[in-house]
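Asker: The primary structure of each chain is shown beneath.
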Amino acid sequence: MSLTEQQARFFDLFGYLSFPGIFAAEAGAITEAFEQVWTDHGGGHNQRAHDHTQNSALLPFIDQHASLCALLDDERVESIGSTLLGDDFNYMSSDGNYFVGDTVWHSDGYSRAPGYCSLKLAFYLDAVGRDSGCLRVVPGSHRKGDPYAEAVHETIATSGSNLTEEHWGIPSTGVPAVALETQPGDLVVFNHRLKHATFVGDTRRRMFTINLQQRFREEDEALLRECIGSLAGFWSETVYAP
Amino acid sequence: MIETAGPARMRHLEQRLAHQDHLPGLVAAARQNMSEPNRF
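Protein chains in written order, with our numbering: chain A, 1 to 242; chain B, 1001 to 1040.
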């Protein structure tokens, strides 16, 4: 599989790409491996059963299962990473999640590592629609420095500071956005700086990500170390599992 | 991830592996200040 020039251009301008059915043949095996990892880690957050009231998260995630590790070798993942980030892209980390309810607007590090692009490959393992927890994105909001992106950022910078009522007179759910409805086996890829959210949905939505980033230049070692340091909040003492 | 990595995968791992020495100290500090790891 190769990405087209048009796909690369679309990603650059709008900040996301959708690949319906790209992992349809493997969806069952991927879901089985996902559940096995959680079973091996207590069933939910911090080695405790998922309680359906808060998100459960585990990081690094794909590292915990050989078949999920192999996704990093998969030519579809390799092609996406190489085309959008360069052949020598870095695997940053991955996270597995049981999501509960809303995740309001935010970026995954709008100001982190200036000058470097990072992206998320998001595998949704349940069918999700506009009002049942699918990903919504604000196209073009990843373009840091652009007046439009900066204006969007002023209002929905982080999940703890959404000001849509104050600035725009609308609820968070009313922000103009593209709803990326997905089925198991679909893949959504988006720039970490892109504003995104999910609304409604049940209490155990299964999703995992693979995060990739451009390789750092030698003179930017401090930026790289800062990025790696951001894993500390997940209590991960090594960047990858053995 | 590392044990099963061939040369192609290692290319995507090597830079971060080479710069992770500060992480255990940061995690130790985080454990002092947090009751559990982050959730998304």
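Just so you know, not all the hints are guaranteed correct.
Stated by the list, open to error - One-sided excerpt, in silico: chain B residues whose CB lies under 7 Å from chain A: (1) M1001; (2) R1009; (3) N1033.
Rather than coming from a laboratory, the hints here were simulated on the basis of the structure. Heads up, the beta-carbon is just placed ideally off N, CA and C, and yes, glycines get one too.
Asker: Now look at each hint and say whether the structure bears it out.
Answerer: Hints, verified against the model:
no., hint, result
1, M1001, "holds (4 Å)"
2, R1009, "holds (5 Å)"
3, N1033, "violated (10 Å)"
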